[in-house]
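**Q** The lines below spell out each chain.
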Amino acid sequence: MTLIALLDGASVFVFALTGGLAASRAQLDIIGFLFFAALTAVGGGTVRDLLLDRTPFWIDRPSYLLIAASAAIVVFFTAHLVESRARWLTWFDAAALSVAVPAGLAAAYGTGVGSAVAIIMGVLTGTMGGLMRDVVANEVPMVLRQGELYVTAAFVGAASGVLLAPTLGLVAALSVTAAVTFLLRAGSLAFGWRLPVYKARPPRDRQS
Amino acid sequence: MTLIALLDGASVFVFALTGGLAASRAQLDIIGFLFFAALTAVGGGTVRDLLLDRTPFWIDRPSYLLIAASAAIVVFFTAHLVESRARWLTWFDAAALSVAVPAGLAAAYGTGVGSAVAIIMGVLTGTMGGLMRDVVANEVPMVLRQGELYVTAAFVGAASGVLLAPTLGLVAALSVTAAVTFLLRAGSLAFGWRLPVYKARPPRDRQS
Amino acid sequence: MTLIALLDGASVFVFALTGGLAASRAQLDIIGFLFFAALTAVGGGTVRDLLLDRTPFWIDRPSYLLIAASAAIVVFFTAHLVESRARWLTWFDAAALSVAVPAGLAAAYGTGVGSAVAIIMGVLTGTMGGLMRDVVANEVPMVLRQGELYVTAAFVGAASGVLLAPTLGLVAALSVTAAVTFLLRAGSLAFGWRLPVYKARPPRDRQS
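Chains as they are written, first to last, in the working numbering: chain A, 1 to 208; chain B, 1 to 208; chain C, 1 to 208.
Everything labelled a hint here was simulated from the structure, so no lab data went into it. Glycine included, each C-beta is placed from N, C-alpha and C at the ideal position. Incorrect hints may appear among the rest.
One side of the interface only, derived from the structure: several residues of chain C facing chain B at Cβ under 10 Å [as the list claims (entries may be wrong)]: (1) L66; (2) G114; (3) V123; (4) D134; (5) F155; (6) L168; (7) G192; (8) L195; (9) P196; (10) V197.
Bound conformation, chain A alone (with noise of 0.2 Å):
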C-alpha cells in the first residue's frame, strides 16, 4: 500500500510538471495551470481506479492535489527560464511514465486481476494522463509521434514486471518495470530505438 502510494506520488508530481508545461506553451494562467496539472497528474491513476471499481486515490488521499497544485506553481515561476519546454515536456514525461506504469502495475496486484489486465492497468495509468493532457491542450499525443517508443515502453516494461514478479517479488519487479520503461523510452528519444512502423504509403484516400 505505502508502495503504490509513493510510486502514485511521484508519478503525480512529475506528470504535473508536464502539465504545467503544456499549460505554459498554451499561455494560460495560474488556474490553467493548476487545471492542467492535476488533469495530467492524476487522469491516469483515476481511469485505472474507475475500471478497478477502487475510489479514485485522490479522494482517499486529497494531499496528492497539493502535490500536483505545488508543481503546477513551480513550472508557472520557471518555465520561462528554461530553454526549450518542448524537450523539458518529453523528458518529464517520460519519467513519469516509468514511474505510472509500475504504479498500475501495483494498484491491479492489489485488487486480484490476472496478468493481461494487470499489464494493462500499468499501461493505461502511464499513458492515460499523458494522453488527455495532449488532447485537451490540442497538441499532437505522444501516441501518435512515429517513430518513437511511448506505449511500447509502457506495455514492455508492464509485462517484464508481470512476467519476474512470482521469482523476484513484487517490488523488485516494480523497479525492474520502472527501469525497462525508462530505458526503452529513453533510448527511444536519445538515440532513435523504434519499432518498424506500418509500411509508409501515402494514405491515398484520407477523408476528412
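On the provided structure of chain A, position chains B and C as indicated by the hints.
**A** Just chains B and C now, kept in the frame of chain A:
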C-alpha cells in the same frame, strides 16, 4: 437532494442549449443535436458521479434526458434566428457553468468528502461537459482561451462556497458559489477581467 | 449472458480492425496497432459498464483482449494489401456499430434500467469506442460527418429493439436492432440516405 436535482436540472437544460448550438455550427441533423446536447448536458455530472461512486444522476432520473432533448429540439428550430451563435454559446455556457459548479459541490457534500475534493467536484461538474463538447466538436476548448476566466471562475466560486458553508449554511453558500462563478465569468467576457497569463514568449521549439 | 458475450466478442473484433486501420493511417508500430485496436474495441463497452456499475467486460474475461490483439496483428500485416483503408475502416465501423448497439442494449436490460437509459446504453456502446479512436487519432469523428446517418442509425436501431422487445422477445428484438442499425448506416454510406441537416448558413463569427 431536491436542491441538487434543481441545480442539475437547470445546468442540464442550459448546457444542452450549448450542445445544440455546437451541433448547429457543425451542421448536423436532429439526432446529432440530441447527441451533442446530451453529451454536454450530462457529461460533467456523470464524471462527478463516477468519481464519487454514485449512480449517474440521469440513470436514476431519466427525465433529465428529456430536458436535454427538448433543449436540443428548441435549438434545432431556432438557432438560425440568432445573430451570433458563438456568442450565445459562450453566454449560455457561462450560465450553465454557474449552476453546475454548485450542483457539483452539493453532490460532493452529500457523500462526505473533504473540502479540497468538494472544490474539485464543483470545478469538474462545471467544466467537463463543455470540455467534452468542444473536444468532440473540434472547437477550441473554453479552458484554453487565453485571457479569459473560465476554470478560474469555477474554482473561485467553488472555493467561496466551501469557505462560507460552515457559517452561512449550504443553501446560501451554494448561491454564493453560483453568483461568484457567474460574476467572474461574465466580467471576463464583458470587461476583459483576467489574471496575468504565463509570460508570453513564443515557443521556439513547438513540435507537432 | 452468452448472447451479450457473443455480441461483445463480435464488436470487439470488428472495432479492433478499425482501430488497426486507424493506426495504419497514422503509421504506428505494432504496439501502436494494439493500443488503438484495444481502445476502439473495448472503449464503448467500458463506458457502458462504468455507467451501469458493472465490472468492465474485458476485466472479467481478458480473452476479449486477445481477440482485439489478433485483429490488430491481422491488420498490421495485411492493411497494405487493400486499396482504400478509409473505405474499409468506414465499413468495418458500420458492421461493428451494428453489433455493439444490441450488445449495449442487452447489457442494459440485464441491469433492469428503463427504456430511455437502455437506448442510451445501446448508442453509447456503439459510438464511444469509435469516437475515442477518432479523437485520439486526430481524425474527424464519424459523429461529425455531415449528411451521414451514424448516431441516428444507432439511435433508431436501439429504439426499435426497445419497442419490439416486449412482443418479440429479447433475442429477436436484438436482431432487429442490429439489422436496422446496419441498414440505416449502410444505406447512408451507399445511397446517401440522410436526415435534413441544420440549415446551412455560413457561421459568420467562428471563433478559434
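**Q** All hints, please: hold or fail.
**A** Verification of the hints:
no.	hint	verdict
1	L66	28 Å, violated
2	G114	6 Å, holds
3	V123	8 Å, holds
4	D134	9 Å, holds
5	F155	5 Å, holds
6	L168	23 Å, violated
7	G192	13 Å, violated
8	L195	4 Å, holds
9	P196	7 Å, holds
10	V197	5 Å, holds
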